[in-house]
Structures are given as structure tokens and as C-alpha cells.
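Chain B: place on chain A using the hints.
Protein chains in written order, with my numbering: chain A, 1 to 382; chain B, 1 to 382.
It is possible that some hints are incorrect.
Same chains, same names: a pair is fine if it fits in one copy or spans any two.
Stated by the list, open to error - Heads up, simulated SDA-like pairs for lysine to any residue below, C-alpha to C-alpha not over 20 angstroms straight-line: (1) K25 <-> P49; (2) K159 <-> A282; (3) K382 <-> I53; (4) K176 <-> P206; (5) K279 <-> D46; (6) K354 <-> D365; (7) K253 <-> G181; (8) K159 <-> T37; (9) K279 <-> H221; (10) K354 <-> T366; (11) K279 <-> P337; (12) K176 <-> G212.
Simulated from the structure, these hints should not be mistaken for lab results.
There are 2 protein chains.
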Amino acid sequence: MPPLVVDIHTHVYPPAYMQMLRARKSIPYVHDPAEATPRLIILSSDDDPSIPIDQRGRPVDASYSDINVKLAFMRRHAINCSVISLANPWLDFLEPQEAQTWAERINDDLEATCARVNHAADPDHSKALHEKETLFAFGALPLSAPSPAIVVSEIRRLKTLPHLRGVIMGTTGLGKGLDDGRLDPVWGALQDTGSMLFLHPHYGLPDEAFGGPDAMNRYGHVLPLALGFPLETTIAVTRMLLAGVFDRFPRLKILLAHSGGTLPFLAGRIESCILHERKFTANGGEVPGPQRSVWDVLNTNIYLDAVVYSTAGLKAAVTAAGGADRLLFGTDHPFFPPLGNDDEEWPSVTTNYKAIHAAFDADGDTAAGVLGGNAARILDLK
Amino acid sequence: MPPLVVDIHTHVYPPAYMQMLRARKSIPYVHDPAEATPRLIILSSDDDPSIPIDQRGRPVDASYSDINVKLAFMRRHAINCSVISLANPWLDFLEPQEAQTWAERINDDLEATCARVNHAADPDHSKALHEKETLFAFGALPLSAPSPAIVVSEIRRLKTLPHLRGVIMGTTGLGKGLDDGRLDPVWGALQDTGSMLFLHPHYGLPDEAFGGPDAMNRYGHVLPLALGFPLETTIAVTRMLLAGVFDRFPRLKILLAHSGGTLPFLAGRIESCILHERKFTANGGEVPGPQRSVWDVLNTNIYLDAVVYSTAGLKAAVTAAGGADRLLFGTDHPFFPPLGNDDEEWPSVTTNYKAIHAAFDADGDTAAGVLGGNAARILDLK
Numbered sequence: 001m002p003p004l005v006v007d008i009h010t011h012v013y014p015p016a017y018m019q020m021l022r023a024r025k026s027i028p029y030v031h032d033p034a035e036a037t038p039r040l041i042i043l044s045s046d047d048d049p050s051i052p053i054d055q056r057g058r059p060v061d062a063s064y065s066d067i068n069v070k071l072a073f074m075r076r077h078a079i080n081c082s083v084i085s086l087a088n089p090w091l092d093f094l095e096p097q098e099a100q101t102w103a104e105r106i107n108d109d110l111e112a113t114c115a116r117v118n119h120a121a122d123p124d125h126s127k128a129l130h131e132k133e134t135l136f137a138f139g140a141l142p143l144s145a146p147s148p149a150i151v152v153s154e155i156r157r158l159k160t161l162p163h164l165r166g167v168i169m170g171t172t173g174l175g176k177g178l179d180d181g182r183l184d185p186v187w188g189a190l191q192d193t194g195s196m197l198f199l200h201p202h203y204g205l206p207d208e209a210f211g212g213p214d215a216m217n218r219y220g221h222v223l224p225l226a227l228g229f230p231l232e233t234t235i236a237v238t239r240m241l242l243a244g245v246f247d248r249f250p251r252l253k254i255l256l257a258h259s260g261g262t263l264p265f266l267a268g269r270i271e272s273c274i275l276h277e278r279k280f281t282a283n284g285g286e287v288p289g290p291q292r293s294v295w296d297v298l299n300t301n302i303y304l305d306a307v308v309y310s311t312a313g314l315k316a317a318v319t320a321a322g323g324a325d326r327l328l329f330g331t332d333h334p335f336f337p338p339l340g341n342d343d344e345e346w347p348s349v350t351t352n353y354k355a356i357h358a359a360f361d362a363d364g365d366t367a368a369g370v371l372g373g374n375a376a377r378i379l380d381l382k
Numbered sequence: 001m002p003p004l005v006v007d008i009h010t011h012v013y014p015p016a017y018m019q020m021l022r023a024r025k026s027i028p029y030v031h032d033p034a035e036a037t038p039r040l041i042i043l044s045s046d047d048d049p050s051i052p053i054d055q056r057g058r059p060v061d062a063s064y065s066d067i068n069v070k071l072a073f074m075r076r077h078a079i080n081c082s083v084i085s086l087a088n089p090w091l092d093f094l095e096p097q098e099a100q101t102w103a104e105r106i107n108d109d110l111e112a113t114c115a116r117v118n119h120a121a122d123p124d125h126s127k128a129l130h131e132k133e134t135l136f137a138f139g140a141l142p143l144s145a146p147s148p149a150i151v152v153s154e155i156r157r158l159k160t161l162p163h164l165r166g167v168i169m170g171t172t173g174l175g176k177g178l179d180d181g182r183l184d185p186v187w188g189a190l191q192d193t194g195s196m197l198f199l200h201p202h203y204g205l206p207d208e209a210f211g212g213p214d215a216m217n218r219y220g221h222v223l224p225l226a227l228g229f230p231l232e233t234t235i236a237v238t239r240m241l242l243a244g245v246f247d248r249f250p251r252l253k254i255l256l257a258h259s260g261g262t263l264p265f266l267a268g269r270i271e272s273c274i275l276h277e278r279k280f281t282a283n284g285g286e287v288p289g290p291q292r293s294v295w296d297v298l299n300t301n302i303y304l305d306a307v308v309y310s311t312a313g314l315k316a317a318v319t320a321a322g323g324a325d326r327l328l329f330g331t332d333h334p335f336f337p338p339l340g341n342d343d344e345e346w347p348s349v350t351t352n353y354k355a356i357h358a359a360f361d362a363d364g365d366t367a368a369g370v371l372g373g374n375a376a377r378i379l380d381l382k
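Okay, chain A solo, but in the shape it has when bound (with noise of 0.2 angstroms):
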């Protein structure tokens, strides 16, 4: 019997948001001419005027929308389910007064498409999880609605919808990062709901922090996405720390994608700095610092993908994390597809689980975990 698979990291465009993109000038926007591949433009770097339009950003396939291309990609990859989120950058840009509309509207949508999927292919509820094809989600929040109570109550609401499995969230909260205090009635709604935050990258890092425009431009998005992304990703999770989010909410479950960005790596030298810092009460300075270890948030509070494309990033994680039972599989889908036509199989995938194999090769059930096992377990996936 093959090892049932879960892909917790897993994006969609819905038709209404790319028909939202589409009429939309600036990011994140989809060109969409009659005559050409259209184009979606997310990445403020990818908003250049001195790139012809048709070849800003990327090119934009059903797969970005299309469930039916999301399931096939599952075939061709042995993956029974997956957990669906809106990609980036979710909902973030929207005006105050739309927010909370969108916001719906997307979670009903996502919710329809999972019980559509999973009906489709379990109509009596007869099948164990590997035995089929599955979707649930994690719902998208209206962060920039004019009150923080906007977003505790959709949080909620998305606990009445059965295939929703807790929310997705980029880094800058409330428009200030994740440090805000105004966070905090968000934070407790997703502890008290026992709501996993799913949380993921999109703005990066100033195009300085990469030499400026011009460097960047060199090298595509290399820059961007391989750096950058990661980058983003630690520094808002160390914010958090260090403003005592996990302090004063312990049972906050947050899964950070590319496997923690770089916090397995940096984990020691963050715990090293706070101890070292004068600032903090601990060391005579006036604030408070943050009351708990790196260790005992990364070993009781935080859930790592495996989206990391090496055995490297792998044993740094499940170090840091102190096992491999909060690890979970991965795709990004429906971003880097094979650049040939050909290709069964996405290497961006396999590269992955190749890893996973590498790392976990002794231990047949820590693989099985990773690959599906403990997503199962931890999402209440059945």
C-alpha cells in the first residue's frame, strides 16, 4: 500500500480573485491580452516599467485557478490530499470596506470546492484518507478591515465550514508586521479555536538589501524568491518572538512555510542575541524580551513544512524542532512547473520527497509521518 500523502503547502487563485487581478493596474494584477500568454504581476519587483508588460511577472496557466489541474498535478505526484490556501498576496491590498466581502467570499468558495471534490469521491464516507482524493483548506482573513474584530470573526465563522483547517496569513498583520499588539485579539481567536496560522511569505526585502533594482534584475527572481522569501519568513517570526506573542499565547500554533524560512538554521544565534542583549530586563535593560526559549516555542508552538529542497534543510529542522512529528510535505504547486514541456513529473516535487527519503531513509515511519502521516494527525484530516 502506498503511504498516504498530504500536501499542506498548496495554492489557488480562485476564478473570482483572477477575475478580480485582471481588472486591476497595479500589483497584484494579471495582464491578460487577447493575443498572449497572460501575465501575473504579485512582486513589486516584477512592477518594473522598464519591462515590456507582456513580459513582467510570470505566465499564468489554469493551473493557478483550475481545481481539475490541481487534481491531476495530485495524480501525477501519488498525492491523496491536499490543503488548499489562497496564494499570495491573499487579500492584503484590498480597501477597507471590501475586505470582509472577499474575504467570504473566497473561505465559501474554498469550503464549496473541498465538499464538491470530497463528495465527488467518497459519496457515502466509506474510504479511509489514502484511499482517495481529498481537499481542505485554509481560510484567507480580511486583515485590512477597519477593525481587528472583523478579522476575530471570520476567524470563527471559518470554524462552522467542515473542510477548513485554519488560515493562511502574510507578515505584515495589520499593515505594522506581526509584533503589532493590535494582533493580539487575532492571536487569541486562532489559540481558542485551536486554529493552525499557516504563515507564508510575499513581500521579501527591500530591493537594497539585494544591491538595489539593477542587481536584482541580473538574476530574475532568483534573488527574491530564493532569498528574500526565507528572509521575510524568520524576521516575522522573530518579531513575534521577541514581542512575547508566544508568551502570551501558548497554545499559538503557527506553520511556517519553506520549512521555517531560516529559523531552524538561525535558532541558536537568535537564542544566543536575546541572551546576550542589554536591552532586555534579564540583562538589566527596560524591556521585557521575550519570556520563553527559540527551543520551547520551535519544540511546542511551531509546525515546519518540508519545502526546503534539501537533506540540509531537513536535519536543521527536525534538530531544531526536536523530532519529525510537526514536519509536514509540501508542493508549493502551482508555482516552479518544469520549464520543458515534457516533464511528467515536476522536479521542484521530487526534489522534495527525494529529500525526505534521503533524511528519513532508516526510519520508514518518520518518512510516512512527514509525507502525510502528521498532517493527518495535527489538521484532523479524515
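Okay, now just chain B, sitting in the frame of chain A:
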């Protein structure tokens, strides 16, 4: 017999350099009032007019410039041999006409210090390395000099100084980063002379990457030091790789501070993003892109210190580098001193010792290599 321990990451600010910093009023500078502890202000985020000048930066004591304090630190931590290097920001900030003079002055001073200490420890050259207390050095480069030829000349001169074992360099190069084609003569000279290049961060990331100055100030030095430094190193070496530096100089030897910043963890993602970059000729684009894989460079050109404060980090480093034979113990002295007065040992050092023993517990030879054997072999210390 206790094992040989070599510290390859340990900094000095020679007295003449400190004197120069005392005469300056903008970063880098030393504020040294008669009635209070002097302060070293080197990071742009520390030079904030809203902070009283006697609280800016960090307190600076004799550990920064007195070699006898360094030797006492070595004894206390069972270190036999230190490869000392000028601390950041090195000579990056000098006016063009001053650079060569200062480089020669600093490097001659380093050579004289090593010669004096080593002669005192073993006047008749009868002892093995693990039986005595010795110093070697990485030289500083006049990178702001009017011509790269002056840098090349100093690299060649360093080979004539008996205790110099390579150079230390920041991430700005000649002012435009390490992917600047004007650096090719410098890379060529380093390769041709077989000199090790110790790549070290200083500039961190723009404040906006951390949420702006307010967010940064809340947490003291944690964000710029714990994250800014390693992310800067990662970006710098990735830009070298993307610009084909390791294709053009396949025998370049580069030692990355802080176990590569985050390179071991992100190597897989970087490689995947390169393989999926439409801009590169391999995928039909117009830019050559790197010809050698990240893994090949990690296994051939790159050396990593073991200053990562965790077993998780070390496991990633060793796995990414294809073994522990290019992993080298270091302390980062005089930075991260204990904040209490009574500490005998520095926790920042013992944390790294413990991590090495935990990572290589089953293999004493590997731990011994990391602690000193690798450095002695690679840098020809005797």
C-alpha cells in the same frame, strides 16, 4: 592529551585603529569621554541621534585591542591557536588615498603581533601546535583604494608575511557588492596565491526589512545581529554564485562567517530557483546564469566556521558541505561577552563547544577536526 583547538573567527581592533576611530565623529567611531566607559559605534542602526551618545553602540574595553586579553581568553577556553582578523568594518570607510597605507600598517601590525607571541611561546620552534599558544592572522584589504591593482598588490604582499593566512573581507567589495566584475583581478589574485578569503558581514539589512527603526529599537541588537548579519552573508555569497565568480575562479577558497549565514539551509532552495529561472540561458533566457551547481561550490570552494550556536545549524552545515572536513571552530571574540561580571567561561563560546560535541558525539575524530585539525591542515598552521 587535550585536542588541538584553533579559533579561526576572532577579531582585533589594533591600538592604532582604535586611535583612528576615536578621532572620528561618524560611523565607525569610538566615543571616549574621560568620565565614562567608551562606546564603540559601528552599526548604522546604532548611530541614532535620539539615543544619548554614551548609550549608543556597545561598551568597549581592553578585550578589543589588547592582545594579552585575547591570550587570557584563549587560555580560559582551552584554545591553542587563534587566527586573528581586523574586526568590522575593517578599512571599508577610508578615503581612497588612505587605504593602502592603513592596510599595510594594520597587516604589518598583525604580523608583528603574531611573531612576538609565537616567539615567546616557542623560541626554538620545538613544540607542536597543540603544545603552545600561537597566533596567525587574516589580513585586511584596501578596498577603497583608487584602483583594484592596489588590492591585488596587498594580497601578493600578504603572502610574504610569515603569519598571514589569507584575508578578511566584507560584503561591499569595491562598493557595489561581490558580483561586481571589477573584482575579477582580486578574485584572481586570491586564487593564484591560494589565499583564503574570510567573508564576514557588517552592513546587515536595510532598517525597513525589520519594520523600520522603531521596530528595530524595541529589541536592541537582536534583529541586526541575529538576522541582519547572517542574511547579509547569504545574499553576498549568492550574488557571487549567480554572477559566475565560482565559474571563472574555480579554485577560489572562501570561508563564510557564522556557518555560511544561512547558505547551508537555503542551498537547496537557491539551486531550485536557479534551475527554474526563465532568465537563464539554460532555460531559454538571455543571461548565462551560474554554470556550477550550488552543491558543487559548497563542496569545493566554501569553508564554514562553526559559529552557529546549535546542533541544528551544524547538521545543516555538514550535510550541505558534504562532510565536516571544511568546518572550523570559532568564537567571534571579543563580541558576545558574558553580561555578568563573574563568569569564568563565555556562554557564547561554550554553546558552540557543546553544539560541536552534540553533533559529532559518535565520532571523536570529526569533532577533533572541527575543533582544530581542519584549520591546521587547511591554513597550514604549525
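Run the structure past the numbered hints and jot down the numbers of the failing ones, going up.
2, 3 and 8
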